[in-house]
Structure formats: C-alpha cells, structure tokens
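Enquirer: Protein chains in written order, with my numbering: chain B, 1 to 315; chain U, 1001 to 1207; chain D, 2001 to 2212.
Misleading hints may appear alongside valid ones.
From chain U, some residues computed to sit far from chain D (all C-beta separations above 12 Å) [what the hints assert, rightly or not]:
hint: 1; residue: Asp1009
hint: 2; residue: Val1013
hint: 3; residue: Leu1023
hint: 4; residue: Phe1065
hint: 5; residue: Pro1104
hint: 6; residue: Asp1109
hint: 7; residue: Ser1119
hint: 8; residue: Arg1121
hint: 9; residue: Arg1124
hint: 10; residue: Tyr1154
hint: 11; residue: Asn1156
hint: 12; residue: Ala1204
Calculated lysine-lysine pairs in the BS3-like style (CA-CA distance at most 25 Å, straight line) [what the hints assert, rightly or not]:
hint: 13; chain 1: B; residue 1: Lys245; chain 2: B; residue 2: Lys203
hint: 14; chain 1: D; residue 1: Lys2129; chain 2: B; residue 2: Lys74
hint: 15; chain 1: B; residue 1: Lys189; chain 2: B; residue 2: Lys143
hint: 16; chain 1: D; residue 1: Lys2129; chain 2: B; residue 2: Lys143
hint: 17; chain 1: B; residue 1: Lys143; chain 2: B; residue 2: Lys203
hint: 18; chain 1: B; residue 1: Lys74; chain 2: B; residue 2: Lys189
Stretch-level coverage of chain B by chain D, calculated; a stretch enters the list once three of its residues show a Cβ under 8 Å from a Cβ in chain D [to be verified]:
hint: 19; region: 68 to 78
hint: 20; region: 92 to 101
hint: 21; region: 130 to 136
Worth flagging that the hints you see were computed from the coordinates, not collected in a lab.
Positions of the beta carbon are idealized from the N, C-alpha and C atoms, including for glycine.
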Amino acid sequence: MIEIEHLGKRFPGSDAPAVDDLTISIGDGEICVLIGPSGCGKTTTMRMINRMIEPDVGTICIAGRDVTRIDPVKLRRSVGYVIQQVGLFPHMTIAENIATVPHLLGWDASRIARRADELLARVDMDPARYRDRYPRELSGGQKQRVGVARALAADPPVMLMDEPFGALDPITRASLQDEFLRLLYELRKTIVFVTHDIDEALKMGTRIAIMRAGRLVQFDRPEAILAHPADSFVEAFVGGDRALKRLALMPAVDHATGALGVAPGAPRLPVTASLRDALSTLLATDRDAALIDTDRGEATITLGAIREALNGARH
Amino acid sequence: MSWFLRNYDQVAVALGQHVVIALTALAIAFVIALPVGVVAARRERVYAVAIAVSGFLYTIPTLAFLALLIPLVGLGRTNVIIAMVAFSLVALIRNVAAGIRGVPADVVDAARGMGMSDSQRLLRVELPLAAPVVVAGLRVAAVTVISVTVVGAYVNAGGLGTLIFNGIAGDHAAKIWSGAITACALAIGVDTALAFVERQLARAQRA
Amino acid sequence: MLIEAWRYLLAHPAQFAVALGVHVTLSAAALAIGAAIAIPVGLYAARRPGVAFAAVNAANVGRTLPSLAVLALVMPLLGTGFAPSLFALSLLALPPILLNTVAGIRGIDPDIIDAARGMGMTPRGVLGKIEWPLALPVIFAGLRTAAIQVVSGAVLAAFIGGGGLGDFITAGIAMMAIPQLLVGAIPVTLLALGADFGFGVLQQRLTPRGMR
Chain B
1 MIEIEHLGKR FPGSDAPAVD DLTISIGDGE ICVLIGPSGC GKTTTMRMIN RMIEPDVGTI
61 CIAGRDVTRI DPVKLRRSVG YVIQQVGLFP HMTIAENIAT VPHLLGWDAS RIARRADELL
121 ARVDMDPARY RDRYPRELSG GQKQRVGVAR ALAADPPVML MDEPFGALDP ITRASLQDEF
181 LRLLYELRKT IVFVTHDIDE ALKMGTRIAI MRAGRLVQFD RPEAILAHPA DSFVEAFVGG
241 DRALKRLALM PAVDHATGAL GVAPGAPRLP VTASLRDALS TLLATDRDAA LIDTDRGEAT
301 ITLGAIREAL NGARH
Chain U
1001 MSWFLRNYDQ VAVALGQHVV IALTALAIAF VIALPVGVVA ARRERVYAVA IAVSGFLYTI
1061 PTLAFLALLI PLVGLGRTNV IIAMVAFSLV ALIRNVAAGI RGVPADVVDA ARGMGMSDSQ
1121 RLLRVELPLA APVVVAGLRV AAVTVISVTV VGAYVNAGGL GTLIFNGIAG DHAAKIWSGA
1181 ITACALAIGV DTALAFVERQ LARAQRA
Chain D
2001 MLIEAWRYLL AHPAQFAVAL GVHVTLSAAA LAIGAAIAIP VGLYAARRPG VAFAAVNAAN
2061 VGRTLPSLAV LALVMPLLGT GFAPSLFALS LLALPPILLN TVAGIRGIDP DIIDAARGMG
2121 MTPRGVLGKI EWPLALPVIF AGLRTAAIQV VSGAVLAAFI GGGGLGDFIT AGIAMMAIPQ
2181 LLVGAIPVTL LALGADFGFG VLQQRLTPRG MR
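Chain B with its partners taken away, still in its complex shape:
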C-alpha cells in the first residue's frame, strides 16, 4: 500500500540527515509502527508521507501513486492525520470538527451529519450528547477519540498517527489503545503509527520499524524482533526483559496440552491468559503447572512448555 524508497531528508543547519536512505514497504491493512529514540527521524518520516515536510530524495507511493506528484492539499484530504495534542478547533463544535474534511470534499450537509454521528458512535461517544459540545468541555481521552473520528471522517485508506495516545494517563492510554485496535479490526486501514514507547509498539504493531539516527535498523513482526534483535542497539532498545515481553505476546492456550495428572489445588487461568501471565502465576504459587479454563474443558500449561515456547524443544 505504501512504498517508501530511498527516502532522505536533511534540515538546513544540521550536519546529520534527519532521514537517511529509508526503504520500507507497508502492506494493505498493516499497522506499521515507527519507533526509535528522540531524533531518530520517525516523526519526520511520517510527516513526509503527507508532505507536511517535503522529502529531499526518494519516493513515496501510496496505492501505486507517487505522492510527490499529487497536489499536497488533495493528498492530505485522502490521508487521515492524528497528532499527539489532537489540535481540535476550539471554536467549532465536535460535529463541526469531525465534518472538516467531508466539508472540504463537498459532501452535502445531511450526509455529513449522518457520518459525524456514525463516527461518534464508533468511538463510543453518544452523538446526541456530544455532537454540539465544544472541545474545551471534553477530557483528554475524549478529545483524542474525537481526533480519531475526525481523521476517519472521509474514510481514508491510510492514516498517520503521531504519538496519538502520548499525552494521556496510562489507564486512558491503555483503554484507547484497545478500542483503537478493535476499531481497526472492523475497518480496513493502513496505519503508520509513531511512538517512542516500546510496549505500545509491541501491542499495536503488525510490524515494527526501529529507527536510529535517520536509518532503518530493523523492520519485522514484534515476535521476530524480540526473538532475534538485529544488533545490540535493538536488544537494548527493546529492554532487558525481552524474554518476558515475548511471552506476553504468546497466548497460553497455544502451548497448553490436555489435562495431565495435575496435582490438586493447581492455580487456574482464564483462556485469555498469555504465557507471561502463566509464568507469573506459577512463580507466585510455587507450582509447576496451571489449568486453563477453555470452552472445551481444561488444558494444562507447564513451566516446561513455557521454556520450550521460548527456546524450542530440548533433546
């Protein structure tokens, strides 16, 4: 869906390039997370996709069309744009905010109104209550939900999101992340998501692009990056508890077996538990095996199975 080839950008007055020979291919329906330390070029890269920053060299193609040949204004109307501070227009109602791009595209009023209500419902905000409110009446989490709704209004195939949940407290952030993933499950969008939070990247991304000093260091699925970091920088970046993070991505049921002879009083886990949850429980209860309640009966997860999941079968 998005083909970036040999993208480069250097800002006047700095020696090092902000983005250096970046080549990346993002498939339709993917969530590609751009992550790296401050100054690695992730935001600059994202902002070149909708030409808020103009590339120096390289090409960016969306659905086969070179974006540098399209009128930037028209381009941006077909790309969703969500920023950390949201940038809701304070002098417009929520409905008017959401209606911005449809307005620019010339939709008629009733279609716009219906779409605004539809999107408010999708982001879990009662349209009747919120459509005529003003941004200053909303909480941080609500503002960003409106921000997402506003970006989705014209149903763009591609969305750019620059640390959209970064300004929120951890609880709101986690819940919005979940809601957004659920939303994307229903819609089919290609997302470029910038963050500096590795846990958010592991949670949200179908593939993660780790950047450093303007260059791409590794681009792969979360499990692959955790299992095989490309170099010591990536290893340090994903954190010393890499093994635990890997376990968090693996559902326990996938590594469970039928109920063996398990000692009485074994701890029980829900079917949604990850291997990390299982490990945590086993350590806390000082047991070797736990039971998982699935809808087809009980399954067993053992310490041995957990180790195998990480390291492969022994002997």
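Given the structure of chain B, go ahead and fit chains U and D onto it with the hints provided.
Expert: Just chains U and D now, kept in the frame of chain B:
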C-alpha cells in the same frame, strides 16, 4: 533646520519644562499606584474597582479632561499634572498587580516559611521580582505622560507643545517641526531606555 | 454651570450637530482606514518573521508618538482641514490594530494549525476558517484601543482645522467661556466612553462560543 540650530536654547527650555512636568506626574502617579497595586494584587475586588476607575479615566479624551479640570483648578501645570496622573494610573496599577501576582507561589511560600514578615517579603522578594513588569507599566505611563504634556501647553503648562502651538498660530513650520520632532524623539528615547531597563531586570532574574 | 452649558447647546444646535458629525465621521473614517491597512498587513506579516520584525518594531515606535505631535507634523506637509486630520488620525490608528492582529494570529496554538494543514485545508482555508475566527477577539481589542485613541485625537484635530467637538473646547478655553467648553468636553467624553463600551460588547459577541 537652521531655525532649530539658531534657537536650540528655546527648544532646550521647552524640553526641560516638559521633562520636569512629566517626571513630577510620573512620580505622583507611581506613589499612588504602587500601594493600590499591591493591595489589588491580593484582593480581587479591589483590583476590579481600581482597574475600572482608572480605566474609565484613561478613556477620557486628553483635551476634554484638561478642559473639564479648568473650572476646578484653572489653567497651568497643576491642571496638566492632575490629568497625567489620572491617565497613567491604569497602566501602573495593572502592572504592579500583575508583577506581584506573577511571583512564583513557591518563592512566596519559601519566604514565608523562612519567617519573613509580610512587609519584609514585599520589599525584599515580591517587589524586586515584580520589577520588570512594573517597569513595563512605567514605560506605558511615561509615554502617555509625555503625550499629554504636549497638549498641556495649550492650558499654559509649558513644555514642547508651546513650540507647536506657536508654530501653528504663526504659520511657522520650523517651530512646528522642532517641537513635534523633539517630542517624538523624547518619547522614543524614554521608551527605548525603559525597555532596556526592563530587559536587564528580566535577565538578572533569570540568571 | 452645567445648566449654562446645556443652554449654550440649545442655543447652537446646528453648530453642535455639525461638530459632532464631523467628529464621528473623522473618527470612524480614520478607524476604518487604519483597519483596512493594518489588518491585511498584520495577517501577512504574522507568519513571516522578517516582515513581522519590521512591522512590529515600526508599530511599537508609532505607538509611543504623542498624538498632537503627529497631527502637527502633518500640517506643514498637507495643510489644515479635514483631509490632513484624517491622514494623521489614520496613522495613529495603525499601531494598535497592527500589533493586535499579529499577536492574535501568533497566539493561536500551533497544533491547531498543524492539524488543519494536515487534514488538507488550503492556506486560504486555514486563514479564513481557523486563524481569522480565533484571532478575531484579539484583533477587536486592538480596534477598541484604536477607536479610543482616534476619538481622543480627533479632539486635537481642532488645532489643525479638522473641525469636530474640539472646536468648542478650544474656543471655550480661548475665551474662558466654561459653558462653551463643556459643550465640547462632555459630549466627546461620552462619545469615547460609548465607543469603548460598544467595542467591548462587540468583542464579547465575536468571541467564539466554544471559547468563552
């Protein structure tokens, strides 16, 4: 231009009068505005009333104010000084209050915690820290006062306005130029000087 | 004394009406001309640092100049009468309007502008739909300041033959005739207060509902 060079003593006298009147008015206004501003910084209602009254006075057109004072105090310097004090109050009160309110709460708290009395805290902590903002208010007041003094010549207060009025009456362009340009130069000069002071005070605080 | 002033007014209705009319016309026209120049220049300069620097500094200097000095300087160049007075008063109106226009635009949260651009608004769209409504209250505060300055300056225009209520005041002072003086001073004071109040109300009304 040649008139100016031949008669610069006349200009100097007028300039001198102008500065004296202006400084007198500024001093009086400051003496009034400082305590009012300090109280207003702490009490919202005092602030509201003080700003409303001084703002009202500021809105009255200069010549009208001078004229309205004539039945009360006649012509002359007193008249103009009263008007100038009245006009400069709003800027000074507002800036004194803003300056004091702008002192960080943790600094005030520390001063109190160290055992400073209210007046010690005011003199040693709050006013010095408020100084840049207060000087900004003085800037506005000074420029206002210089402007009023120009008009004040019409009610016999002296100053650079005398040159202007004499020039208009006698159709003497050189006098008009001399008076008007000197007044402008004075205003710009005072404004620039006080801006410099303001910047230095602000910089000293940041260090 | 007030009664005498009132009697003087009743004895000279036409003269008063003309003076009032001239004063209002002079003030309104100067404000309009000042706004017509200062607002577009301010909008243009706000996002261009070099231009803004020059414009803001010029306006700051202009703001300090004594009104009577500006009026007087116009006289040797353009003579006396309505037109030179209008010219001088328009100059006096420029600085506050320009400074407030620049401040109003610059005061807008840059994230809002970024979001607007990122969504595909044209620069003109951003100016019209976002920047102008959000800057309008501050611009109006500038118009309010300019209005008071212009009404006050128009009184001084009497000195260069501009007419207006200042004529009553100057004549009153020259002849020490208090009633005549009051017929000029009191109405013009009311005019200034009325303009201040009126613009204040407008400013309130123009503040977008989402931001009050």
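Enquirer: Now tell me if each hint is right for this structure.
Expert: How the hints compare with the structure:
The beta carbon of Asp1009(U) sits about 21 Å from the closest Cβ of chain D, which is more than 12 Å, so the claim that it is off the interface holds. Separation of Val1013(U) from chain D is adequate, the least Cβ-Cβ distance of about 18 Å exceeding the 12 Å criterion. Every beta carbon of chain D lies more than 12 Å from that of Leu1023(U), the smallest distance being close to 16 Å; the non-interface claim holds. With a cut of 12 Å on Cβ distances, Phe1065(U) falls inside the contact zone with chain D, its closest approach being about 8 Å.
Chain D leaves Pro1104(U) outside its interface by the beta-carbon criterion, the shortest separation being 23 Å against a cut-off of 12 Å. Distance check for Asp1109(U) against chain D: the nearest CB is about 31 Å away, which clears 12 Å, and the non-interface claim stands. The beta carbon of Ser1119(U) is kept farther than 12 Å from every beta carbon of chain D, the shortest such distance being approximately 35 Å. No beta-carbon of chain D is positioned within 12 Å of the beta-carbon of Arg1121(U); the least distance is around 33 Å.
Under the 12 Å C-beta cut-off, the non-interface status given to Arg1124(U) relative to chain D holds; the minimum distance is some 33 Å. Consistency note on Tyr1154(U): stated as away from chain D, yet its beta-carbon is not over 12 Å from all of that chain's, at 7 Å minimum. Chain D draws Asn1156(U) into its interface by the beta-carbon criterion, the shortest separation being 10 Å against a cut-off of 12 Å. Listed as a non-interface residue, Ala1204(U) keeps its Cβ farther than 12 Å from every Cβ of chain D; the least gap is roughly 23 Å.
Taken as a hint, the Lys245(B) and Lys203(B) pair is honoured in the structure, with Cα atoms around 10 Å apart against an allowance of 25 Å. As the CA atoms of Lys2129(D) and Lys74(B) are separated by approximately 18 Å, the hinted pair is consistent with the 25 Å bound. Annotation: proposed proximity of Lys189(B) to Lys143(B) holds, straight-line Cα distance about 21 Å (limit 25 Å). This hinted pair checks out: Lys2129(D) and Lys143(B) have alpha carbons roughly 20 Å apart, not beyond 25 Å.
A C-alpha spacing of about 22 Å is found between Lys143(B) and Lys203(B), which places the hinted pair at or below 25 Å, so the restraint holds. Proximity of Lys74(B) to Lys189(B) is assessed by CA-CA distance (about 19 Å); at most 25 Å being required, the pair is judged to hold. For the region 68 to 78 of chain B, the stated coverage by chain D is satisfied: 6 residues place a CB nearer than 8 Å to a CB of that chain, which reaches the threshold of 3. Counting residues of the region 92 to 101 of chain B whose C-beta lies closer than 8 Å to any C-beta of chain D gives 4; at least three are required, and the coverage claim holds.
A count of 3 residues in the region 130 to 136 of chain B with a Cβ less than 8 Å from any Cβ of chain D is obtained; the coverage claim is therefore met, three being the minimum.
Hint compliance for this structure: hints 4, 10, 11 are not met, and every other hint is.
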